[in-house]
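Participant: If you want the building blocks of each chain, they are given just below.
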Amino acid sequence: MPAAVSIAAGTAAAIHVAAIGPHLEESRLFASAFVAMALSQGGWMVLVTLAPSPDRYRAGAVLNGGIALLWLLSRTSGVPVGPHPFAPEPVGTMDALATMAEVVAASGSLALARGLRRSGRRGVRADVPRGLVELGSVALASGFVASLAATTGPHGVGSHACCGSGSTGHVIILAGMLTVLAGVLTLAVRGGGRPASPARGRRTP
Amino acid sequence: MIAQAPQLLENPCCDFINAFPWWFFLLVHVALFGLGAFFAFRSFEAGARGFGWGFTLFALAEVSYMTYHVNLTQFLFAHTVSEVLDGLAFVILFAASLARAGLGALDASRDVGGVR
Chain A
0 MPAAVSIAAG TAAAIHVAAI GPHLEESRLF ASAFVAMALS QGGWMVLVTL APSPDRYRAG
60 AVLNGGIALL WLLSRTSGVP VGPHPFAPEP VGTMDALATM AEVVAASGSL ALARGLRRSG
120 RRGVRADVPR GLVELGSVAL ASGFVASLAA TTGPHGVGSH ACCGSGSTGH VIILAGMLTV
180 LAGVLTLAVR GGGRPASPAR GRRTP
Chain B
0 MIAQAPQLLE NPCCDFINAF PWWFFLLVHV ALFGLGAFFA FRSFEAGARG FGWGFTLFAL
60 AEVSYMTYHV NLTQFLFAHT VSEVLDGLAF VILFAASLAR AGLGALDASR DVGGVR
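Just so you know, the sequences run in chain order A and B.
Position 95 (the first sequence) corresponds to 94 in numbering that gives the first Met the number 0; numbering is contiguous.
Position 103 (the second sequence) corresponds to 102 in numbering that gives the first Met the number 0; numbering is contiguous.
None of these hints come from the bench; they were simulated from the model.
Glycine included, C-beta positions come from ideal geometry on N, C-alpha and C.
Keep in mind that the hints are not guaranteed to be accurate.
Said to hold, decoys possible - Here are a few chain B residues that sit away from chain A, every Cβ distance over 10 Å (derived from the structure):
hint	residue
1	F32
2	F40
3	N70
As the list claims (entries may be wrong) - Which residues of chain A face chain B? A few of them, derived with a C-beta cut under 8 Å, are:
hint	residue
4	L68
5	L69
6	L71
7	L72
8	V132
9	S166
10	H169
11	L173
12	L177
13	T178
14	L180
15	L186
16	A187
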């Protein structure tokens, strides 16, 4: 569940990053809003992956739920600012997927906050190598989903590289790979992980 | 005559590969990277540094493949670097396996010597 919530928020952040360029042509205000949404969702994803807590999950529910409501407003009555005030925008595949991811992140965050509060735990802070590996894995999954959402149609002959907004997801995958490797190398430099436990079944005298 | 011969990259064989969707190739690289990084992490955790570095190089080779997919490098460059890294990983994993097998044999002979 924590991984699914982090991946959902990461996917929404990745799609918002991909939407910055197209919105910049339309309005600087909209582009700035997408930068803010991507940074806040991405930053929140990093925080709850490395050090989850009930307060952080509650904040994530408000953040992701609020952005989902803003999307609903923009598709029904239209937002009151921008080049076309109160003009509803059409529903697209990418923005619908981002909103679905935000709903998953918001509802999952509420459930996780409640679960942590009931169990009396304040959350567990991961150690550095494991935290980096978990964070990178979340970025890998988020980037892959964002890549699938952003690109349609077959690739060109002789090239499996992606193009357009899909490359945002690919860059996030690359960043995820490098983060995972950073975790692995941190562990390598430390010279090992947990102390070796006695083998199962072996009796000590 | 040579000038008229089919040039490199114009070979008609195996064009079916272009029918695969782009995400399939991406999925393969992500899955292989995940496998390599996981094995490397567990190897370092267990103190098996040779295996750890071998699997790390394998994971790094997948990163090199990805640099092509994000349009950072040329196809041949990314694939050449990846194959060199894979080759080094292969050698290190072989050496680590031999070292481990050798140590196991040494321990076994010591045990036998102790009994005698």
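Participant: Now tell me, hint by hint, if it's right for this structure.
Facilitator: Results of checking the hints against the structure:
1. F32: 6 Å, violated
2. F40: It is violated; F40(B) is separated from chain A by about 5 Å at its closest Cβ, not greater than 10 Å.
3. N70: About 5 Å separates N70(B) from the closest Cβ of chain A, which leaves it inside 10 Å; violated.
4. L68: Since chain B brings no Cβ nearer than about 31 Å to L68(A), farther than 8 Å, the hint is violated.
5. L69: Status violated, d = 29 Å.
6. L71: 29 Å, violated
7. L72: Status violated, d = 32 Å.
8. V132: Holds. Min distance 6 Å.
9. S166: 6 Å, holds
10. H169: 4 Å, holds
11. L173: 5 Å, holds
12. L177: 7 Å, holds
13. T178: This interface hint is violated because 10 Å lies over the 8 Å limit.
14. L180: 6 Å, holds
15. L186: This interface hint holds because 5 Å falls under the 8 Å limit.
16. A187: Since the shortest Cβ distance to chain B is 5 Å, the answer is holds.
Taken one by one, the earlier hints fail for this structure at numbers 1, 2, 3, 4, 5, 6, 7 and 13, listed in ascending order.
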